[in-house]
Amino acid sequence: MNKWLIPAVTAVALLSGCSSVQRGSIPVVDSGTAVSNSERMSANGGFRQTTVKRPVQGQAQAIPQGDTGVVVMVPGGGAAVSTPISSSPIVPGPASGGITSGPYTPSPVESAPVNSGSYSMPSTPSGIPSASSGGGLSADEQLDGPVLALLTTAQQQQAGGDLNGASSSLERAQRVAPREPQVLYRLAQVRMAQGDAPQAEQFARRALTMANGRPDLQANLWEVIAQAREKQGDSAGATLARQKAKVSL
Amino acid sequence: MTRTRSPRTKKKPPSKGLNPWLSWAIKLSLVGLVVLAGFAVYLDAVVQEKFSGKRWTIPAKVYARPLELFVGQKLSKDDFLTELDALGYRREAVSNGPGAAAVNGNTVDLNTRGFQFYEGLEKPQPVRVRFSGDYVAELSATNGSKLSVVRLEPLMIGGIYPKNLEDRILIKLDQVPPYLLETLVAVEDRDYYSHWGVSPKSIARAIWVNTSGGKMTQGGSTLTQQLVKNFYLTSERSLTRKLTEAMMAMLLELHYDKKEILEAYLNEVFVGQDGQRAVHGFGLASQFFFGQPLSELKLHQVALLVGMVKGPSYYNPRRNPERALERRNLVLDVLEQQGVATAEQVEAAKKMPLGVTTRGKLADSSFPGFIDLVKRQLREDYRDEDLTEEGLRIFTSFDPILQMKAEASVNDTFKRLAGRKGSDDVEAAMVVTNPETGEVQAMIGSRQASYAGFNRALDAVRPIGSLIKPAVYLTALEKPSQYTLTSWLSDDPLSVKGANGQVWKPQNYDRRSHGTVFLYQGLAHSYNLSTSRLGLEVGVPNVLKTLGRLGVTREFPAFPSMLLGAGGMTPIEVATMYQTLANGGFNTPMRGIRSVLTAEGEPLKRYPFQIEQRFDPASIYLIQNAMQRVMREGTGSSVYNVLPKTLTLAGKTGTSNDSRDSWFAGFSQDVLAVVWLGRDDNGKTPFTGATGALQVWTSFMRKADPLPLDMPQPDNVVQAWVDSRTGQGSDANCPGAVQMPYIRGSEPPPGAACASETPASGESVMDWVKGWMN
Numbered sequence: 003m004n005k006w007l008i009p010a011v012t013a014v015a016l017l018s019g020c021s022s023v024q025r026g027s028i029p030v031v032d033s034g035t036a037v038s039n040s041e042r043m044s045a046n047g048g049f050r051q052t053t054v055k056r057p058v059q060g061q062a063q064a065i066p067q068g069d070t071g072v073v074v075m076v077p078g079g080g081a082a083v084s085t086p087i088s089s090s091p092i093v094p095g096p097a098s099g100g101i102t103s104g105p106y107t108p109s110p111v112e113s114a115p116v117n118s119g120s121y122s123m124p125s126t127p128s129g130i131p132s133a134s135s136g137g138g139l140s141a142d143e144q145l146d147g148p149v150l151a152l153l154t155t156a157q158q159q160q161a162g163g164d165l166n167g168a169s170s171s172l173e174r175a176q177r178v179a180p181r182e183p184q185v186l187y188r189l190a191q192v193r194m195a196q197g198d199a200p201q202a203e204q205f206a207r208r209a210l211t212m213a214n215g216r217p218d219l220q221a222n223l224w225e226v227i228a229q230a231r232e233k234q235g236d237s238a239g240a241t242l243a244r245q246k247a248k249v250s251l
Numbered sequence: 018m019t020r021t022r023s024p025r026t027k028k029k030p031p032s033k034g035l036n037p038w039l040s041w042a043i044k045l046s047l048v049g050l051v052v053l054a055g056f057a058v059y060l061d062a063v064v065q066e067k068f069s070g071k072r073w074t075i076p077a078k079v080y081a082r083p084l085e086l087f088v089g090q091k092l093s094k095d096d097f098l099t100e101l102d103a104l105g106y107r108r109e110a111v112s113n114g115p116g117a118a119a120v121n122g123n124t125v126d127l128n129t130r131g132f133q134f135y136e137g138l139e140k141p142q143p144v145r146v147r148f149s150g151d152y153v154a155e156l157s158a159t160n161g162s163k164l165s166v167v168r169l170e171p172l173m174i175g176g177i178y179p180k181n182l183e184d185r186i187l188i189k190l191d192q193v194p195p196y197l198l199e200t201l202v203a204v205e206d207r208d209y210y211s212h213w214g215v216s217p218k219s220i221a222r223a224i225w226v227n228t229s230g231g232k233m234t235q236g237g238s239t240l241t242q243q244l245v246k247n248f249y250l251t252s253e254r255s256l257t258r259k260l261t262e263a264m265m266a267m268l269l270e271l272h273y274d275k276k277e278i279l280e281a282y283l284n285e286v287f288v289g290q291d292g293q294r295a296v297h298g299f300g301l302a303s304q305f306f307f308g309q310p311l312s313e314l315k316l317h318q319v320a321l322l323v324g325m326v327k328g329p330s331y332y333n334p335r336r337n338p339e340r341a342l343e344r345r346n347l348v349l350d351v352l353e354q355q356g357v358a359t360a361e362q363v364e365a366a367k368k369m370p371l372g373v374t375t376r377g378k379l380a381d382s383s384f385p386g387f388i389d390l391v392k393r394q395l396r397e398d399y400r401d402e403d404l405t406e407e408g409l410r411i412f413t414s415f416d417p418i419l420q421m422k423a424e425a426s427v428n429d430t431f432k433r434l435a436g437r438k439g440s441d442d443v444e445a446a447m448v449v450t451n452p453e454t455g456e457v458q459a460m461i462g463s464r465q466a467s468y469a470g471f472n473r474a475l476d477a478v479r480p481i482g483s484l485i486k487p488a489v490y491l492t493a494l495e496k497p498s499q500y501t502l503t504s505w506l507s508d509d510p511l512s513v514k515g516a517n518g519q520v521w522k523p524q525n526y527d528r529r530s531h532g533t534v535f536l537y538q539g540l541a542h543s544y545n546l547s548t549s550r551l552g553l554e555v556g557v558p559n560v561l562k563t564l565g566r567l568g569v570t571r572e573f574p575a576f577p578s579m580l581l582g583a584g585g586m587t588p589i590e591v592a593t594m595y596q597t598l599a600n601g602g603f604n605t606p607m608r609g610i611r612s613v614l615t616a617e618g619e620p621l622k623r624y625p626f627q628i629e630q631r632f633d634p635a636s637i638y639l640i641q642n643a644m645q646r647v648m649r650e651g652t653g654s655s656v657y658n659v660l661p662k663t664l665t666l667a668g669k670t671g672t673s674n675d676s677r678d679s680w681f682a683g684f685s686q687d688v689l690a691v692v693w694l695g696r697d698d699n700g701k702t703p704f705t706g707a708t709g710a711l712q713v714w715t716s717f718m719r720k721a722d723p724l725p726l727d728m729p730q731p732d733n734v735v736q737a738w739v740d741s742r743t744g745q746g747s748d749a750n751c752p753g754a755v756q757m758p759y760i761r762g763s764e765p766p767p768g769a770a771c772a773s774e775t776p777a778s779g780e781s782v783m784d785w786v787k788g789w790m791n
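For the record, the sequence lines run as chains A and V. Everything in the first sequence is counted per our numbering, starting at 3 for the first residue and increasing by one. Everything in the second sequence is counted per our numbering, starting at 18 for the first residue and increasing by one.
Honestly, the hints are just simulated from the structure, not real lab data. No residue lacks a Cβ here, since even glycine has one placed at the ideal position from N, Cα and C. One or more of the hints may lead you astray.
[As the list claims (entries may be wrong)] Covered stretches of chain A (chain V as the covering partner; in silico rule of three or more C-beta atoms under 8 Å from a C-beta of chain V):
(1) 163 to 170
(2) 227 to 238
[Claimed, not checked] Every beta carbon over 12 Å from chain V, so not counted as near; a handful from chain A, in silico:
(3) R177
(4) A221
(5) L251
[What the hints assert, rightly or not] Simulated crosslink set (BS3-like; lysine-lysine; CA at most 30 Å straight-line):
(6) A:K233 x A:K246
(7) A:K233 x V:K622
(8) V:K514 x V:K496
(9) V:K514 x V:K94
(10) V:K720 x V:K91
(11) A:K246 x V:K496
Work out the full structure, taking the sequences as your base and the hints as a guide.
Below, the structure written as structure tokens:
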């Protein structure tokens with residue numbers, strides 16, 4: 003063995019002179035994202051400072067509900083309470099059975115109320131105009147907890163030009179609070195910024211089905227629909243949507 | 018994967034004779050030297066080429082959804098701990114360091130590990146979670162400050178492997194746990210930091226130890242040689258190969274520093290076999306044997322892994338635990354001798370069990386059904402090589418907790434129904450989705466859920482029976498001027514002559530006619546006669562159009578028998594269809610994948626959430642109401658023997674002819690599940706939709722504990738009081754008055770007051786039918 007080593011070492015020694023790769027490692031590039039996103043956000047101050055107000059403690063409108071961390075207003079929910087299910091008369095008649103009483107869908111949700119980490123519903127709608135330009139939310143659309151955190155992140159990503167990241171964060175928010183129309187509203191705005199007007203309109207429509215009793219938000223959503231229709235060359239539809247926006251307010 | 022074979026070394030010419038031939042000998046050895054030098058140049062190219070480029074091909078890794086934590090989240094402590102166990106969190110008295118958790122009553126303290134997601138980096142952090150009931154009541158940092166949302170790292174649920182492939186999780190030197198490098202060097206190559214590729218001393222020692230028959234704790238090869246052997250050469254055993262190995266080892270040492278070679282070694286070393294998958298590198302070995310990231314391993318685990326290098330199969334801790342334990346303790350002794358660890362540390366480590374995970378638990382890649390779905394979706398966008406070589410990270414919507422519950426439901430139900438003759442031959446498939454996001458969360462392709470094979474959830478095309486009925490009724494309810502939930506339907510026998518002269522004569526399941534029924538009752542009780550009549554009235558082609566709008570892309574012939582579900586669909590197609598019903602009339606393409614990152618964590622592709630409104634929410638509201646009545650009073654009512662009445666659910670049973678297929682599809686607010694039971698040979702089963710699939714579904718819903726269905730009432734829907742016998746408008750105070758939803762304008766005129774004088778305050782009939790956003 004040792005005999006072999008000698009020529010081998012010699013060869014190696016010879017070769018070391020003409021080795022092409024530098025001794026040491028392959029260059030490693032650490033390409034992180036730009037640091038500027040968050041700074042830019044705080045510089046123009048948008049989301050957090052101008053729009054977010056903590057819900058006033060002790061206001062009657064705060065409805066704690068544990069489902070998904072958000073409160074969804076169910077109109078007509080009160081009516082359901084009055085009708086007990088069952089005990090429908092089964093009287094022989096033309097039908098083989100009577101209608102079982104009780105409206106099923108707007109049933110009162112009796113889940114355990116869990117703390118107040120969820121956000122609270124609109125206090126009195128105030129006259130503060132909605133700052134739709136920056137994606138800001140009007141004063142009657144206050145959010146809290148996880149949804150606020152994720153929307154803020156998305157806002158920062160969008161301001162930094164990372165629309166995919168913003169989209170992704172908003173979808174995360176949508177999973178956390180699937181029935182919060184503001185998330186879909188923001189998603190619609192980002193889709194618009196991404197140039198996907200049809201999806202923007204779809205998200206706004208979906209949001210509208212969840213935005214009962216929230217006129218400011220409805221107006222904003224109709225405005226998104228109007229813009230999306232304009233983008234798609236449907237000016238008549240856009241006008242119609244703008245009218246709806248006015249009616250909502 | 019191709020390995021460069023070492024070419025045969027040229028034999029040195031034999032030298033004969035003495036002095037006169039000396040010059041010849043010198044010349045010859047010079048020639049030999051030149052040949053050798055040429056060979057060395059060649060080897061050098063080989064060494065550098067492979068080492069400087071992409072060293073390994075890495076199969077794509079598939080991850081489950083990361084568990085999100087936030088206050089108000091519905092999550093039981095037990096489910097949370099299941100997730101932590103699957104992620105390999107150590108239970109400790111006090112949580113210190115990433116991957117540790119401490120449970121104290123309703124509070125769990127843990128240190129998350131952090132992870133690179135599409136949206137950005139989730140930092141590792143200490144978190145306190147307090148549970149109240151089945152909810153997260155508090156989420157805070159250890160200093161008490163509130164946290165709004167925290168994400169755990171996602172569970173790895175599998176990879177995309179070609180046949181016979183090496184798999185590894187690449188690690189960097191700074192990710193190794195304490196002791197690993199010292200142990201490796203102490204056991205495998207004590208002179209590692211001083212030799213230049215080969216170590217004559219250790220070779221000599223190895224020979225001496227071998228010949229003297231002593232205990233062999235150290236091989237003759239250096240770490241560098243072992244790396245060269247695994248990385249460049251075949252496993253052929255010959256002197257020439259040994260020499261080539263030595264040369265290459267020296268060349269490697271010449272070009273690269275010790276740290277880099279060591280890092281490569283850590284990633285290359287073979288540590289075990291997982292079926293057809295070869296487990297390479299300590300990174301994957303740590304996950305494979307301990308279910309933990311390498312960086313978290315403790316001394317006894319490090320000793321076991323390093324000890325296994327000598328004979329991964331012989332010292333396999335799962336198959337040969339005694340041998341593995343003996344070997345580990347031997348390694349620990351060496352550490353004490355070498356001064357790597359103190360006697361106390363070694364003593365404590367020796368007392369530890371092997372600590373390897375058992376196979377078949379959550380952490381193991383045993384979800385073939387879902388992985389299959391992911392692969393199919395990926396193949397639409399990537400070439401096979403991209404998936405098996407580039408180390409992509411695939412983020413999915415898979416929910417391991419729901420998957421385990423789905424599997425348990427199938428198993429439990431079959432166990433419970435084992436008495437039924439023929440139930441042994443019945444196969445099962447299941448799809449679980451989140452109707453609010455359109456994401457697939459769990460999937461079962463076979464009754465043996467861990468069995469990879471025919472994926473019935475995606476590929477079994479079976480007649481859907483009455484599962485089609487919501488499409489028939491929805492078609493009618495979209496015409497509020499003609500049909501409401503309380504329209505009358507005749508349930509009398511009928512027969513239709515087809516174009517080919519054949520007569521279609523449907524029958525009810527109980528072979529009886531039910532006279533005249535309310536429209537919703539036809540659906541709730543799944544009456545075939547009234548449904549057929551309704552379907553013929555609205556037109557079979559229109560029903561099929563509705564089916565298409567619900568998201569079913571399959572084409573069906575417009576035969577009347579389609580109205581009763583003669584057409585075949587796969588469980589995932591049924592899920593797509595019901596998804597649209599559950600999601601307010603918005604169709605969502607089923608998604609299993611959220612995003613893809615490169616091996617370096619750079620965003621590559623997103624699979625965005627997309628929706629499309631296909632129906633007016635009002636008609637969906639009505640069909641949901643009728644589907645709720647299926648559960649309350651119809652064919653699905655057995656669910657409430659098990660589930661609480663407060664849990665509003667909607668769904669539909671389905672049974673094909675002679676009970677060859679047993680279906681149930683239904684949803685709550687946040688969970689949609691489709692269950693199919695049937696035989697692969699299409700034989701008869703002992704189950705109807707209600708006695709078979711619904712039982713699995715019910716069991717699943719009980720475990721999943723979903724939120725009650727709660728669709729906001731669209732503003733063009735009104736609740737009207739009607740007489741439960743006649744369907745005529747009635748005052749709320751009248752006996753037998755019930756409230757029913759109607760699309761505005763289609764409700765019956767309000768009835769007169771019966772007992773009290775309260776005037777009916779209903780909306781005027783003249784109210785315009787509000788068109789939905791157009």
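Hints versus structure:
As drawn, the segment 163 to 170 of chain A meets chain V at 4 residues by the rule of a beta-carbon pair under 8 Å; at three or more, the given contact holds. Interface restraint, the segment 227 to 238 of chain A with chain V: violated (1 residues with C-beta to C-beta distance below 8 Å; minimum three). Not every beta carbon of chain V lies more than 12 Å from that of A:R177, the smallest distance being close to 6 Å; the non-interface claim is violated. Non-interface status of A:A221 relative to chain V is upheld: no Cβ of that chain comes within 12 Å, the nearest being about 14 Å off.
The non-interface label for A:L251 is consistent with chain V: the shortest C-beta to C-beta separation is roughly 16 Å, beyond 12 Å. Between A:K233 and A:K246 the alpha-carbon distance is near 18 Å, which keeps this suggested pair within the 30 Å criterion. Distance check on the hinted pair: A:K233 and V:K622 sit about 26 Å apart at the alpha-carbon level, within 30 Å; holds. At roughly 27 Å between alpha-carbon atoms, V:K514 and V:K496 fall within 30 Å of each other, so this suggested pair holds.
Between V:K514 and V:K94 the CA atoms are separated by roughly 60 Å; this puts the pair beyond 30 Å, and the hint is violated. Under the criterion of a C-alpha separation no larger than 30 Å, the hint pairing V:K720 with V:K91 is consistent with the structure, at around 13 Å. For the suggested pair A:K246 and V:K496, the alpha carbons sit about 24 Å apart, so the restraint of at most 30 Å is met.
Checked against the numbered hints above, the structure breaks hints 2, 3 and 9 and satisfies the rest.
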